[in-house]
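Same order as they appear, the protein sequences are chains A and B.
Take the first sequence: its letter number 335 is residue 335 in this note's numbering, and every next letter is one higher.
One gets this note's numbering by counting positions in the second sequence from 1 and adding 491 to each.
Be aware that one or more of the hints could be misleading.
Stated by the list, open to error - Label-pair ranges, simulated between beta-carbon atoms:
id	chain 1	residue 1	chain 2	residue 2	range
1	A	R403	B	M812	57 to 63 Å
2	B	A720	A	A299	47 to 53 Å
3	A	P334	B	P753	49 to 55 Å
4	B	E808	A	Q224	37 to 43 Å
5	B	D721	A	A303	29 to 35 Å
6	A	P183	B	D518	52 to 58 Å
7	A	R403	B	P809	46 to 52 Å
8	A	D235	B	E808	53 to 59 Å
9	B	D518	A	P22	57 to 63 Å
Said to hold, decoys possible - In silico BS3-like pairs for lysine-lysine, Cα to Cα no more than 25 Å straight-line:
id	chain 1	residue 1	chain 2	residue 2
10	A	K222	A	K261
11	A	K222	B	K675
12	A	K353	A	K163
13	A	K353	A	K411
14	A	K218	B	K675
15	A	K100	A	K65
It is worth saying that the hints were derived from the structure and are not from the lab.
Using N, Cα and C, we set each Cβ at its ideal position, and we do this for glycine too.
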Amino acid sequence: MGEALPLNRQQEVARALGAFLPARAVLHEEEDTRPYECDGLTAYRQVPMVVALPETEEQVRRILKVCVAMNVPVVPRGAGTGLSGGALPPGDGVLLSMAKFMRVVRVDAIARVAVVQPGVRNAVISEVAAPYGLYYAPDPSSQIACTIGGNVSENSGGVHCLKYGLTVHNVLRVRGFTVDGEPIEVGSEAPDAAGLDLLALAIGSEGMLFVVTEVAVKLLPKPQCARVIMASFDDVEKAGDAVAAVIGAGIIPAGLEMMDKPATRAVEQFVAAGYDLDAAAILLCESDGTPAEVDDETARMEAVLKGAGAVRLAVSRDEAERLRFWSGRKAAFPAVGRISPDYYCMDGTIPRKRLGEVLNFIAEMEKKYALRCPNVFHAGDGNLHPLILFDASRPEELERTERFAAEVLEKCVAVGGTITGEHGVGVEKINQMCTQFRPDELELFHAVKRAFDPRGLLNPGKAVPTLARCAEYGRMRVHGGALPHPELERF
Amino acid sequence: MGEFEERIRFAAERAAPLRLRGGGSKDFYGNELRGEVLDTRGYRGIVDYEPSELVVTARCGTPLAEVEQALAERGQCLPFEPPHFGAATFGGCVASGLSGPRRAAAGALRDYVLGVKLIDGKGRLLQFGGQVMKNVAGYDVSRLAAGSLGTLGLITEASLKVLPRPATEVTLQLEMPQATALEKMNRWAGQPLAISATAWFDGVLSVRLSGATIAVQSAQRAVGGEEMADGASYWRALREQTHAFFSCPTLWRIAVPSVAPPLALAGAPFIEWGGGLRWMSSAAPAVEVRETAHRAGGHATLFRAADKSAGAFTPLEPVLMRLHGALKRAFDPVGIFNPGRLYPKL
Chain A
1 MGEALPLNRQ
11 QEVARALGAF
21 LPARAVLHEE
31 EDTRPYECDG
41 LTAYRQVPMV
51 VALPETEEQV
61 RRILKVCVAM
71 NVPVVPRGAG
81 TGLSGGALPP
91 GDGVLLSMAK
101 FMRVVRVDAI
111 ARVAVVQPGV
121 RNAVISEVAA
131 PYGLYYAPDP
141 SSQIACTIGG
151 NVSENSGGVH
161 CLKYGLTVHN
171 VLRVRGFTVD
181 GEPIEVGSEA
191 PDAAGLDLLA
201 LAIGSEGMLF
211 VVTEVAVKLL
221 PKPQCARVIM
231 ASFDDVEKAG
241 DAVAAVIGAG
251 IIPAGLEMMD
261 KPATRAVEQF
271 VAAGYDLDAA
281 AILLCESDGT
291 PAEVDDETAR
301 MEAVLKGAGA
311 VRLAVSRDEA
321 ERLRFWSGRK
331 AAFPAVGRIS
341 PDYYCMDGTI
351 PRKRLGEVLN
361 FIAEMEKKYA
371 LRCPNVFHAG
381 DGNLHPLILF
391 DASRPEELER
401 TERFAAEVLE
411 KCVAVGGTIT
421 GEHGVGVEKI
431 NQMCTQFRPD
441 ELELFHAVKR
451 AFDPRGLLNP
461 GKAVPTLARC
471 AEYGRMRVHG
481 GALPHPELER
491 F
Chain B
492 MGEFEERIRF
502 AAERAAPLRL
512 RGGGSKDFYG
522 NELRGEVLDT
532 RGYRGIVDYE
542 PSELVVTARC
552 GTPLAEVEQA
562 LAERGQCLPF
572 EPPHFGAATF
582 GGCVASGLSG
592 PRRAAAGALR
602 DYVLGVKLID
612 GKGRLLQFGG
622 QVMKNVAGYD
632 VSRLAAGSLG
642 TLGLITEASL
652 KVLPRPATEV
662 TLQLEMPQAT
672 ALEKMNRWAG
682 QPLAISATAW
692 FDGVLSVRLS
702 GATIAVQSAQ
712 RAVGGEEMAD
722 GASYWRALRE
732 QTHAFFSCPT
742 LWRIAVPSVA
752 PPLALAGAPF
762 IEWGGGLRWM
772 SSAAPAVEVR
782 ETAHRAGGHA
792 TLFRAADKSA
802 GAFTPLEPVL
812 MRLHGALKRA
822 FDPVGIFNPG
832 RLYPKL
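Please construct the entire structure, taking both the sequences and the accompanying hints into account.
As structure tokens, this is what we get:
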């Protein structure tokens, strides 16, 4: 009798999960796991060792127990639309897909709360709330595809968050399991849950602290009507000043977006949104509320925009035109995808007053790296999405693009902003974390992580770099002879 | 500032508790106060305020009134209407995490926190978040620090989002019983009405409308009732708890889902936040109050009382308590900051 061959790691893990999951919920053949090799950031790919597709909370709990017992990393994933590689799978671990958690548990129209499973798509929440005149406010551009679980992980925003807030402002409670499989619930449908604000800590934690299996969100009354003004400017800085003027006049627009000429030109070929192609930049400035409020606010917005030097104003005359004005903004990324083989989207946020300086810096970088970079911009909250156009099939162009992006993100930090406003750090911006934070701060982040996940099994290696990684990155990026983190040992 | 760091390092070496304190206006809040006082009031001043950025940054010892005055001069405000309860400081306001009448409409203090500078238990000055509206780099330590009652570190500086002051405010009063008031408040909150605060007490529902004049006028038609001559002072008395109701010896702050029916507890409630906050002056045992709150889906804080042996805050589930302990050790390994103020052994 010959001895059975020792099972390899992949088979061992798949077998342990198969003990309580149906066969279709445990994938390990490459043809099945390959579709999970990346999220919306396709430059990074890794086929997961095993994919698990649980349907119940009990299955999630048992998967986590198995992973801890076998010391296997676990990466939770929603729809995989993330733009920073937060759901990049572990080659030696389990990709935990929450895609089957698609149930709307309850909609309470009087309490204005929807309780949903994490695999429910963002747009579905507003759809199920619509019969009650309610909606879920955060509206990332990917809202027809992205899930609320992913939104919680990334603290997603959207084009209306200046007035209505981000995910963190619109989620009341989340339930899930710690990595050890213990049930955990943070936040509350009553205001101000007792103790430390673990809900705020969980939102935007990129799946590093615990696994979410249920989310209670706040629903808001749907504004009766909305109208958008398209304002043209002959100079980008003037458009930036106009944003400050609107807010300075005491107006908080429902949406306030900017696009520069290269962006409007790319978009116009794609969707014919009716943009002014002669303008150096356009602003989309939206008012919502009752018809009387919108009349009143739109008139005030028009006066301020004219005063700030708008050369042309177009006000949406009906809902169809309003949606057409927005269609261009919402289609900016795919439109850019049509004029360039590849593009790289940045997500820095800056104080609005530094906009002119940062846009000039980006223009210099376009020359330095010989790459084009149209800009779309959540102007109201200072969140920039410059899109670097490149061709990955050309040698070194991706690498040049990444250096371009790194310089822009570091500029964002230098002017008092941040490297990521809403897309998350993931794997993509992990080096820039070394620029934004000092070693003591990174060390505290690691301590926070250890408080929840002492073995470091949940989404390891994402979001927060090790100090050793920063030291290495610093060594590669010496500027003017000044080494960042001189106190650390070098390799 | 260097002084704070030195003092904290010195205390940490000797495991000597520090009681972080601004104006002392919230000394009554939370559990017992222990340790040598570290007074923040010498470290004051608004660091940065540009109205068009909608952000104010100030040092912890700055009087809260000074910050609000600076905002008012530029037609802006802290939308969550923090209570002062005396000579409050900006740092104390953030650390206590309390919000006032506008909470249900505008959000809580934590919703407006953009960034903090904080000295941890090792005496290290750390910075989290920043001055921008959208920032997802790193864990949201700023919001974790808000409302932590100084248990994680000394907040030396904070940046808060601010908003324009409403152009018009009107307060309406309507007579109705509690259950009807709860139903009305919840119904109205689901409609696009410019309601910025609600309160029910002793058979009278008060509703404040705030916003553009035209929005206030249309909401006034929808809500009805009598217009109050001096609404502003009514809401101030509520925010600062100078209203006669709050002079009771034992004051419970019971947070429940806004739709929870009237609580079956002896004593008259004072209701705020669209039904989400029920102040009670109840002589019932703490266990009974907490059990009632729990059954309603909420929790009860012993807000003001001579005897807080029942614990100021609702006890946490074991898994949450363990995480609280682990986070406390991450920020304050020796346990010097306001020990016991939030929970015993924390």
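So, going through the hints one by one against the coordinates:
| no. | hint | in the structure |
| --- | --- | --- |
| 1 | R403(A) / M812(B): 57 to 63 Å | violated (47 Å) |
| 2 | A720(B) / A299(A): 47 to 53 Å | violated (32 Å) |
| 3 | P334(A) / P753(B): 49 to 55 Å | holds (53 Å) |
| 4 | E808(B) / Q224(A): 37 to 43 Å | holds (42 Å) |
| 5 | D721(B) / A303(A): 29 to 35 Å | holds (33 Å) |
| 6 | P183(A) / D518(B): 52 to 58 Å | violated (37 Å) |
| 7 | R403(A) / P809(B): 46 to 52 Å | holds (49 Å) |
| 8 | D235(A) / E808(B): 53 to 59 Å | holds (57 Å) |
| 9 | D518(B) / P22(A): 57 to 63 Å | holds (59 Å) |
| 10 | K222(A) / K261(A) | violated (33 Å) |
| 11 | K222(A) / K675(B) | holds (18 Å) |
| 12 | K353(A) / K163(A) | holds (19 Å) |
| 13 | K353(A) / K411(A) | holds (14 Å) |
| 14 | K218(A) / K675(B) | holds (19 Å) |
| 15 | K100(A) / K65(A) | holds (20 Å) |
In terms of the numbered hints stated before, the structure departs from hints 1, 2, 6 and 10, listed from lowest to highest.
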